[in-house]
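If you're matching them up, the sequences are chains A and B in order.
Heads up: the first sequence begins at 1 in the working numbering, then just goes up one per residue.
Heads up: the second sequence begins at 1 in the working numbering, then just goes up one per residue.
Be careful, since some hints might not be right.
[To be verified] Here are some of the chain B residues that sit facing chain A, going by a computed Cβ distance under 10 Å: (1) E16; (2) L18; (3) W20; (4) A22; (5) D23; (6) S28; (7) A40; (8) Y43; (9) L54; (10) H136; (11) L180; (12) R185; (13) V221; (14) S224; (15) L227.
Simulated from the structure, these hints should not be mistaken for laboratory data.
Using N, Cα and C, we set each Cβ at its ideal position, and we do this for glycine too.
There are 2 protein chains.
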Amino acid sequence: MIPPDHPRYRSLLVRERLAWFADQGVVSPEGLAAHGRGEAFDYLLGERTTGSALLAERTAAAMLLAARHPVISVNGNTAALAAREIHDLQRATRAVVEVNLFHRSPERIQKVTRLLEGHGVDVLDGDEERLIPVSHDREWSHRDGAAAADAILVPLEDGDRAEALVSMGKKVIAIDLNPLSRTARAATLTIVDEVTRAIPEITRAAGDLTAGECEKLISRVDNSYFLHAALDEIARRLSHALD
Amino acid sequence: MIPPDHPRYRSLLVRERLAWFADQGVVSPEGLAAHGRGEAFDYLLGERTTGSALLAERTAAAMLLAARHPVISVNGNTAALAAREIHDLQRATRAVVEVNLFHRSPERIQKVTRLLEGHGVDVLDGDEERLIPVSHDREWSHRDGAAAADAILVPLEDGDRAEALVSMGKKVIAIDLNPLSRTARAATLTIVDEVTRAIPEITRAAGDLTAGECEKLISRVDNSYFLHAALDEIARRLSHALD
Numbered sequence: 001m002i003p004p005d006h007p008r009y010r011s012l013l014v015r016e017r018l019a020w021f022a023d024q025g026v027v028s029p030e031g032l033a034a035h036g037r038g039e040a041f042d043y044l045l046g047e048r049t050t051g052s053a054l055l056a057e058r059t060a061a062a063m064l065l066a067a068r069h070p071v072i073s074v075n076g077n078t079a080a081l082a083a084r085e086i087h088d089l090q091r092a093t094r095a096v097v098e099v100n101l102f103h104r105s106p107e108r109i110q111k112v113t114r115l116l117e118g119h120g121v122d123v124l125d126g127d128e129e130r131l132i133p134v135s136h137d138r139e140w141s142h143r144d145g146a147a148a149a150d151a152i153l154v155p156l157e158d159g160d161r162a163e164a165l166v167s168m169g170k171k172v173i174a175i176d177l178n179p180l181s182r183t184a185r186a187a188t189l190t191i192v193d194e195v196t197r198a199i200p201e202i203t204r205a206a207g208d209l210t211a212g213e214c215e216k217l218i219s220r221v222d223n224s225y226f227l228h229a230a231l232d233e234i235a236r237r238l239s240h241a242l243d
Numbered sequence: 001m002i003p004p005d006h007p008r009y010r011s012l013l014v015r016e017r018l019a020w021f022a023d024q025g026v027v028s029p030e031g032l033a034a035h036g037r038g039e040a041f042d043y044l045l046g047e048r049t050t051g052s053a054l055l056a057e058r059t060a061a062a063m064l065l066a067a068r069h070p071v072i073s074v075n076g077n078t079a080a081l082a083a084r085e086i087h088d089l090q091r092a093t094r095a096v097v098e099v100n101l102f103h104r105s106p107e108r109i110q111k112v113t114r115l116l117e118g119h120g121v122d123v124l125d126g127d128e129e130r131l132i133p134v135s136h137d138r139e140w141s142h143r144d145g146a147a148a149a150d151a152i153l154v155p156l157e158d159g160d161r162a163e164a165l166v167s168m169g170k171k172v173i174a175i176d177l178n179p180l181s182r183t184a185r186a187a188t189l190t191i192v193d194e195v196t197r198a199i200p201e202i203t204r205a206a207g208d209l210t211a212g213e214c215e216k217l218i219s220r221v222d223n224s225y226f227l228h229a230a231l232d233e234i235a236r237r238l239s240h241a242l243d
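Okay, chain A solo, but in the shape it has when bound (with noise of 0.2 Å):
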C-alpha cells in the first residue's frame, strides 16, 4: 500500500505496525495519537540519539542497577514498538516488569502481558489495588509493582502518573520526545530519544558500568541539564532547517 519510494517510508511503516497492533487491541487509538506526538519531536531531533540523551540513558542504566526495586512499567505502545528490548533490559537489570494501561481494560491488560511474554519477558501479574494517588485507570499497581519500586522506568508516561510517583519518592526515570512535557519536567531523570533507541542503550550500558561509575554518575543527575540540551538541540536544528 506505501510505496518504497516514498520519502517518508520508514516512518509510515513504523505508522502501519502500530496500527495493526490497534487492530489486535494491544495498542489504543489514543495510543496512536501519541505515538505521532512523538513521532513529531523526533523529527526536530534528527531522528537520532544526541549525546546528551546517551549521557541520560548511561545514568538510567546506573539508576537501575543501584536500585532496591527497580520497575519496569510498560503501556501498549512500549510492548508494540519494544517487546523484545524491554526482554533485554529486564535480563540486564532484573528489573520488575509490570503492565499499567491508561485506557485500560481486562482484555487489553491479557493482550499487552501475552505480547510480551512471547518476547520472554517475565510479567508480574496477580491483584491490583489502587496503590497510586492519580484520577484514572493508571493508579492501579501491583503490590510489588510501580507502588514498591525505589526507581522506575515510565516509557512513554501520562503527566499526572509521573508526578504521583514522584510525589511517593520514587526515582522516575521517563523516556519521552517531548522535553517540555509535564512527565519530562516532573521526571528524576528524562531520556529525550525514541523508545527503540534509548532500551537497547540503557541495556548495553548496564552489561558495561563499573560500580565506581554507576556511583558517579548517580551522584550527578540534573533533569534540567538534560531537557535544556534537547530543547537547544531542537532550536540549534530550526535555525538551519530552511537553509
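On the provided structure of chain A, position chain B as indicated by the hints.
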C-alpha cells in the same frame, strides 16, 4: 474515562473524537498518528493562530476567490474535524469539494462523503481516473476535481501529492502545522495553523476582501516568509519554554 481535571483534557477529547471516527471507518489508524504529529507542532506554536498564519489565511481566501476553478481536497481527518467548516468555506468561495484518501477504499470514500454531505457539503461524485502523477492511491481524481483545479486547498496533505500538484502548474494552498514538511515547502502558500482554526478564518476573509485587496495579497505571495515566520515563532517559544 478521561477525568475533566486532567491538564490535557481538551487535547485528549479531540483525540477521543478522532478515535471514534476511526472506529467508524472515517479516519484511518495512520490518520490518528498523523494527527498526533500535528498536535505536537500546534503545542510548539502555542495552540493559537499567529499573525503570519492569519495573513496566510487571508491570502488563501484571495487565491480561492480569484481562481477560475477552485477545489478543496478533503481527506478523512479533515472531514472528521471540520465538515461544517468545509461547508461554510464552500459557500463562501463556490469551490468544488473532492474527497481524496491516502488509505483509500470504496467504503471509506463513501463514509467520508456521507459525513460531508450530512453537513451540507456538495461533494463531487462520478467516475475517477488516475490523473495525478503519484505512485499511490492519491493519484485518483475526477475530471472536474483536483485534475482541473487552477487553485486547490489541501488541508493535511501528503508531500508527494503536494509536489505533484505543483508540478502540474496549480496554485497549491496547504494547511500544515509542520513548517518543515515537504508539503509545506512545496506548496505555493502554506498556512501553518490548525485546520479547525484555519478554515473559518479563510471563510471570514472570503466574505470581507475587496477585489483590490485580493489582487494585492496575491501579488505578494511569499511561501518562504510564512515558513520562516512559523519557525521563528517556535524557536522564540522554545527559548523561553523552561524559564
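Is the interface hint for V221/B satisfied, with its Cβ closer than 10 Å to some Cβ of chain A?
Result: violated, 17 Å to nearest chain A Cβ.
Can the hint on L18/B be confirmed by a CB-to-CB distance to chain A that is less than 10 Å?
This interface hint holds because 7 Å falls under the 10 Å limit.
Hint check, Y43/B versus chain A [nearest Cβ-Cβ separation less than 10 Å]
holds, 8 Å
Would the hint on D23/B be counted as holding, given a Cβ-Cβ threshold of 10 Å to chain A?
holds, 7 Å
With 10 Å as the cut and Cβ atoms as the points, is E16/B at the interface with chain A?
Interface hint status for E16/B: holds (7 Å vs cutoff 10 Å).
Any CB of chain A closer than 10 Å to the CB of W20/B?
Status holds, d = 8 Å.
L227/B was flagged as interface toward chain A. Is the shortest Cβ-Cβ separation under 10 Å?
holds, 6 Å
Hint check: 10 Å Cβ-Cβ cutoff, R185/B to chain A
At 8 Å from the nearest chain A Cβ, R185/B passes the 10 Å test, so the hint holds.
Once the shortest beta carbon distance from H136/B to chain A is found, is it less than 10 Å?
holds, 5 Å
Hey, does the L180/B contact hint survive, CB to chain A under 10 Å?
With Cβ-Cβ at 5 Å, under 10 Å, it holds.
Would the stated hint for A40/B survive a check requiring a Cβ distance to chain A of less than 10 Å?
With a minimum Cβ separation of about 3 Å from chain A (threshold 10 Å), the hint on A40/B holds.
Measuring from the C-beta of S224/B to each C-beta in chain A, is the shortest one below 10 Å?
holds, 7 Å
This entry does not satisfy hints 9, 13, going by the numbered hints stated previously.
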